[in-house]
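Asks: Residue strings, one per chain:
Protein chains: 2
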Amino acid sequence: MTIYNFSAGPAVLPKAVLETAQSEMLDYKSSGMSVMELSHRSSLFEEIIQTAENLLRELMAIPDNYKVLFLQGGASLQFTMVPLNLAQGKKALYVNTGSWSKKAISAAKALDNVEVEVIASSEDKNFTYIPEIPKTIDQNAAYVHITTNNTIEGTAFEKIPSFGKVPVVADMSSNILANDYKVEDFGLIYAGAQKNIGPAGLTVVIVREDLLNKKAIFAPMLDYALQAKNNSLYNTPPTYGIYIAKLVFEWVKAQGGVAGITAEDRKKAQLLYDAIENSHLFKSPVEKKSRSITNIPFITGDEDLDKAFNQAALAQGFENLKGHRSVGGMRASLYNAFPIEGVEALIAFMEKFEKENGGE
Amino acid sequence: MTIYNFSAGPAVLPKAVLETAQSEMLDYKSSGMSVMELSHRSSLFEEIIQTAENLLRELMAIPDNYKVLFLQGGASLQFTMVPLNLAQGKKALYVNTGSWSKKAISAAKALDNVEVEVIASSEDKNFTYIPEIPKTIDQNAAYVHITTNNTIEGTAFEKIPSFGKVPVVADMSSNILANDYKVEDFGLIYAGAQKNIGPAGLTVVIVREDLLNKKAIFAPMLDYALQAKNNSLYNTPPTYGIYIAKLVFEWVKAQGGVAGITAEDRKKAQLLYDAIENSHLFKSPVEKKSRSITNIPFITGDEDLDKAFNQAALAQGFENLKGHRSVGGMRASLYNAFPIEGVEALIAFMEKFEKENGGE
Numbered sequence: 001m002t003i004y005n006f007s008a009g010p011a012v013l014p015k016a017v018l019e020t021a022q023s024e025m026l027d028y029k030s031s032g033m034s035v036m037e038l039s040h041r042s043s044l045f046e047e048i049i050q051t052a053e054n055l056l057r058e059l060m061a062i063p064d065n066y067k068v069l070f071l072q073g074g075a076s077l078q079f080t081m082v083p084l085n086l087a088q089g090k091k092a093l094y095v096n097t098g099s100w101s102k103k104a105i106s107a108a109k110a111l112d113n114v115e116v117e118v119i120a121s122s123e124d125k126n127f128t129y130i131p132e133i134p135k136t137i138d139q140n141a142a143y144v145h146i147t148t149n150n151t152i153e154g155t156a157f158e159k160i161p162s163f164g165k166v167p168v169v170a171d172m173s174s175n176i177l178a179n180d181y182k183v184e185d186f187g188l189i190y191a192g193a194q195k196n197i198g199p200a201g202l203t204v205v206i207v208r209e210d211l212l213n214k215k216a217i218f219a220p221m222l223d224y225a226l227q228a229k230n231n232s233l234y235n236t237p238p239t240y241g242i243y244i245a246k247l248v249f250e251w252v253k254a255q256g257g258v259a260g261i262t263a264e265d266r267k268k269a270q271l272l273y274d275a276i277e278n279s280h281l282f283k284s285p286v287e288k289k290s291r292s293i294t295n296i297p298f299i300t301g302d303e304d305l306d307k308a309f310n311q312a313a314l315a316q317g318f319e320n321l322k323g324h325r326s327v328g329g330m331r332a333s334l335y336n337a338f339p340i341e342g343v344e345a346l347i348a349f350m351e352k353f354e355k356e357n358g359g360e
Numbered sequence: 001m002t003i004y005n006f007s008a009g010p011a012v013l014p015k016a017v018l019e020t021a022q023s024e025m026l027d028y029k030s031s032g033m034s035v036m037e038l039s040h041r042s043s044l045f046e047e048i049i050q051t052a053e054n055l056l057r058e059l060m061a062i063p064d065n066y067k068v069l070f071l072q073g074g075a076s077l078q079f080t081m082v083p084l085n086l087a088q089g090k091k092a093l094y095v096n097t098g099s100w101s102k103k104a105i106s107a108a109k110a111l112d113n114v115e116v117e118v119i120a121s122s123e124d125k126n127f128t129y130i131p132e133i134p135k136t137i138d139q140n141a142a143y144v145h146i147t148t149n150n151t152i153e154g155t156a157f158e159k160i161p162s163f164g165k166v167p168v169v170a171d172m173s174s175n176i177l178a179n180d181y182k183v184e185d186f187g188l189i190y191a192g193a194q195k196n197i198g199p200a201g202l203t204v205v206i207v208r209e210d211l212l213n214k215k216a217i218f219a220p221m222l223d224y225a226l227q228a229k230n231n232s233l234y235n236t237p238p239t240y241g242i243y244i245a246k247l248v249f250e251w252v253k254a255q256g257g258v259a260g261i262t263a264e265d266r267k268k269a270q271l272l273y274d275a276i277e278n279s280h281l282f283k284s285p286v287e288k289k290s291r292s293i294t295n296i297p298f299i300t301g302d303e304d305l306d307k308a309f310n311q312a313a314l315a316q317g318f319e320n321l322k323g324h325r326s327v328g329g330m331r332a333s334l335y336n337a338f339p340i341e342g343v344e345a346l347i348a349f350m351e352k353f354e355k356e357n358g359g360e
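In order, the protein sequence lines correspond to chains A and B. So for the first sequence, full-length UniProt numbering puts the first residue at 1; every next one is plus one. So for the second sequence, full-length UniProt numbering puts the first residue at 1; every next one is plus one.
Please note: incorrect hints may appear among the correct ones.
Since the list gives no way to pick one copy over another, a pair counts as held whenever it fits inside one copy or between any two copies.
Restricting the straight-line Cα-Cα distance to at most 30 Å, the calculated cross-link-like pairs of lysine-lysine (BS3-like) are [unchecked claim]:
| hint | residue 1 | residue 2 |
| --- | --- | --- |
| 1 | K229 | K109 |
| 2 | K307 | K229 |
| 3 | K29 | K307 |
| 4 | K352 | K135 |
| 5 | K109 | K214 |
| 6 | K214 | K253 |
| 7 | K135 | K165 |
| 8 | K109 | K215 |
| 9 | K102 | K135 |
| 10 | K29 | K214 |
| 11 | K267 | K229 |
| 12 | K90 | K253 |
| 13 | K29 | K15 |
Hints are computed from structural coordinates only; laboratory data are not their basis.
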């Protein structure tokens with residue numbers, strides 16, 4: 001049975017990447033050592049981290065005045081680090097588009113000397129759309145925070161709105177390397193690796209140099225400027241995760257870079273959205289113009305039927321299709337490494353299920 | 001050429017562990033998925049993290065009133081988390097035994113409402129010994145912090161001193177699972193994984209339940225109680241690192257557990273210390289009764305000769321023998337997975353070098 005892994009993260013990785021990791025597991029480049037065994041100060045590892053950074057710069061066309069950091073703690077630690085480094089004694093603006101935005105807002109509010117203002121929200125309709133941004137926002141704010149893709153709710157910013165001169169900080173965890181955003185439209189981008197980059201436990205931060213904190217943060221590990229000064233080697237970084245990320249970046253490049261991979265991503269998403277639109281059983285809970293091409297929730301409208309579908313799908317090798325508990329139903333996460341054959345197989349299965357369950 | 005990896009961390013891993021990881025890389029237990037691709041909420045991963053915890057509890061005889069946490073950020077983040085969670089508005093005592101102790105002290109001092117007192121130090125002699133602990137220490141202190149093994153300086157606490165009723169917090173990064181300490185003698189133990197546990201990017205924390213913070217910490221990711229309540233799954237943990245740790249714990253158990261492995265560790269260390277004692281060229285910079293069995297520095301007393309030795313050793317496949325820049329000379333890190341054959345080969349090489357360089 002072929003397994004298709006629709007997990008929202010940690011998620012499917014390119015098979016070619018896993019094969020390389022497998023073949024190099026006991027002996028990296030004739031060193032007689034595994035990458036896991038390399039000192040982070042060794043020339044072999046220095047080459048890995050530098051190549052990873054160079055590839056990411058190339059893939060995302062990151063300008064020279066941005067630093068690339070490889071950190072730990074996931075997006076959840078960034079929820080705290082962003083306001084701690086960028087907004088002490090200042091106002092920070094947030095757009096509330098879902099569960100992860102809410103966590104980011106709550107972490108910023110927990111800081112004593114940061115003033116938080118939510119300037120737009122789609123909570124009124126259970127986050128099923130991307131809200132309009134007010135025409136005028138406080139131009140003295142430290143930043144405005146957006147979640148570019150909402151993993152749980154299945155919405156995404158197709159274009160980045162204009163916020164005037166306020167730097168945009170983006171949680172791009174679930175659609176980094178799967179969009180045509182321009183890095184120069186952001187002040188800071190962060191992403192947990194476990195969707196489009198590599199294994200859990202690695203966090204990528206891309207930050208414009210002029211936004212780096214001038215004053216030291218009380219905790220060295222939470223200090224962007226210190227991490228940047230040390231090229232992510234202030235302490236031992238998650239070396240194996242960075243190695244896998246490097247392999248994934250090489251793979252993305254071989255797929256035609258971000259342009260090539262997003263073309264394929266759009267094709268995969270279109271197939272599934274078309275199938276949902278043409279179905280009399282399944283529907284999308286998300287407003288058409290706000291739909292993510294990465295995480296695609298769908299429902300029957302009947303909880304028991306959703307459950308039956310999920311059970312039957314699992315038995316056919318469709319793993320992790322069950323929707324997040326806050327949304328219910330199903331969710332297909334179609335990250336870069338998810339194969340188009342898996343989408344076609346899912347659609348065929350949905351059609352069969354629909355016929356067997358009163359559809360036509 | 002056989003490669004022997006003396007790296008202080010990330011360090012050598014058991015070959016059997018790497019072989020298992022290699023064979024399971026593309027298909028973990030017939031799931032059709034790599035461990036890196038498993039959802040952290042899946043039953044397969046839940047079994048991995050639970051087994052890892054159970055094995056560690058068994059190996060270290062961790063009492064039931066201690067929580068085991070799998071976190072991120074390394075010991076460096078613990079330097080901040082320990083005082084943040086345990087000592088706000090209180091006094092914290094520190095024993096200064098080297099570079100890592102100093103970083104821990106400095107991180108605690110950086111917190112506004114923690115009073116730091118260094119109760120003993122061996123800085124006067126470049127940390128070449130473990131200092132005596134004063135007979136009377138403040139019994140109202142939140143904790144006393146020690147570094148059980150000093151990776152850079154090559155010293156270790158052979159026994160844990162008595163501190164009365166003050167809970168002992170230990171940075172055990174470099175000798176966890178390589179000593180016969182009793183967990184009940186500690187209030188909290190933390191260790192970066194990249195020496196005796198697994199890959200970099202995973203941090204193990206063992207904490208007595210009554211010491212868990214009662215008040216929430218401003219940052220969820222820095223909050224022990226929250227992490228404990230969520231069984232280390234507040235956000236996505238470093239799943240692959242936890243999987244490798246589980247394999248390492250299984251391997252340690254197969255070696256006769258901690259008793260079996262420390263007997264072997266003592267044998268390896270004794271061989272090298274005897275060779276150093278018998279040499280007219282090499283000597284240990286560390287006081288005899290304070291010597292670590294894990295990290296063993298040695299010097300010739302002549303920087304040029306040290307350099308020549310390091311170069312010749314590297315050419316023979318002895319990797320990462322160069323001492324830390326603050327100590328100089330050489331350092332052999334003999335973690336659990338380091339084979340005794342590597343120690344014997346090193347000693348033979350040292351004898352040959354000594355003969356060729358004016359020894360007898």
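Asks: Against the earlier hints, flag every one the structure doesn't satisfy and list their numbers going up.
Replies: Per hint list: 4, 6, 10, 11, 12 violated.
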